[in-house]
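Residue numbers (the numbering used here), protein chains in the order written: chain A, 1 to 118; chain B, 1 to 107.
Treat the hints loosely; a few may be bogus.
Anything over 12 Å on all C-beta distances counts as not near chain B; from chain A, calculated [what the hints assert, rightly or not]: (1) V11; (2) P14; (3) A16; (4) G26; (5) W47; (6) G55; (7) G56; (8) G66; (9) T69; (10) S77; (11) Q110; (12) V114; (13) V116; (14) S118.
Heads up, simulated DSBU-like pairs for lysine-lysine below, C-alpha to C-alpha not over 30 Å straight-line [to be verified]: (15) B/K39 with A/K63; (16) A/K63 with A/K12; (17) A/K23 with A/K13; (18) A/K63 with B/K42; (19) A/K23 with B/K45; (20) A/K63 with B/K103; (21) A/K63 with B/K45.
Worth flagging that the hints you see were computed from the coordinates, not collected in a lab.
Beta carbons are placed, not taken as given, at the ideal position from N, Cα and C, and that holds for glycine.
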Amino acid sequence: QVHLVQSGAEVKKPGASVEVSCKASGYTFTSNSIHWVRQAPGQGLEWMGTINPSGGSSSYPQKFQGRVTMTRDTSTSTVYMEVSSLRSADTAVYYCARNRADDSFDLWGQGTMVTVSS
Amino acid sequence: DIQMTQSPSSVSASVGDRVTITCRASQDISSWVAWYQQKPGKAPKLLIYTASSLQNGVPSRFSGSGSGTDFTLTISSLQPEDFATYYCQQANSFPRTFGQGTKLEIK
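Please put together the full structure from these sequences, using the hints given.
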């Protein structure tokens with residue numbers, strides 16, 4: 001079975017950092033890039049960036065540059081995303097998704113709710 | 001950045017109806033569009049890739065068309081399980097961008 005399994009819900013205070021993990025199983029971890037997408041309550045989907053698990057290179061939209069860092073551990077087939085300087089607007093469900101060769105996202109994690117509240 | 005403008009933002013329809021959702025890109029993206037379905041509390045699910053290719057396991061009542069800047073997702077005969085929110089996404093370049101979503105509701 002092919003899966004992406006994410007870490008559990010987090011509650012953080014403004015200004016803190018959060019790290020969300022995404023563990024891949026059932027396929028060759030280094031064969032597909034992983035993207036992160038978030039969804040604020042009642043809102044649409046927002047792309048946060050991508051990491052290539054093979055070499056570790058990453059790309060982020062300008063909005064998140066300097067505040068989002070994606071890393072990977074090939075020994076455990078896990079991708080991590082850290083978001084720093086959290087504010088209330090970062091309250092959202094965060095999803096990881098696998099990129100396929102046609103650049104669609106064919107496999108998604110179950111989502112991780114991150115709540116930022118004082 | 002490429003903007004994806006999706007319409008309508010919501011639509012009410014009945015079981016058996018034919019529904020079309022439109023997505024317009026702010027520049028030519030060839031056929032680099034995917035469509036996703038999302039139900040409340042669930043992750044998005046891939047329906048269509050490269051504008052018109054049906055993802056494995058997705059019912060054939062779903063179809064996609066278009067190229068360049070204009071794309072459509074059509075559901076030929078709505079079933080109860082199709083009531084959800086649908087998103088288009090461009091896969092032409094970074095940053096990846098999504099349409100704002102279309103909520104399909106039961107009439």
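Consistency of the hints with the structure:
| no. | hint | in the structure |
| --- | --- | --- |
| 1 | V11 | holds, 19 Å |
| 2 | P14 | holds, 25 Å |
| 3 | A16 | holds, 25 Å |
| 4 | G26 | holds, 15 Å |
| 5 | W47 | violated, 4 Å |
| 6 | G55 | holds, 17 Å |
| 7 | G56 | holds, 17 Å |
| 8 | G66 | holds, 15 Å |
| 9 | T69 | holds, 17 Å |
| 10 | S77 | holds, 19 Å |
| 11 | Q110 | violated, 6 Å |
| 12 | V114 | holds, 15 Å |
| 13 | V116 | holds, 20 Å |
| 14 | S118 | holds, 26 Å |
| 15 | B/K39 with A/K63 | holds, 27 Å |
| 16 | A/K63 with A/K12 | holds, 21 Å |
| 17 | A/K23 with A/K13 | holds, 25 Å |
| 18 | A/K63 with B/K42 | holds, 26 Å |
| 19 | A/K23 with B/K45 | holds, 19 Å |
| 20 | A/K63 with B/K103 | holds, 27 Å |
| 21 | A/K63 with B/K45 | holds, 25 Å |
In summary, the structure is inconsistent with hints 5 and 11 from the numbered list given earlier, while agreeing with the others.
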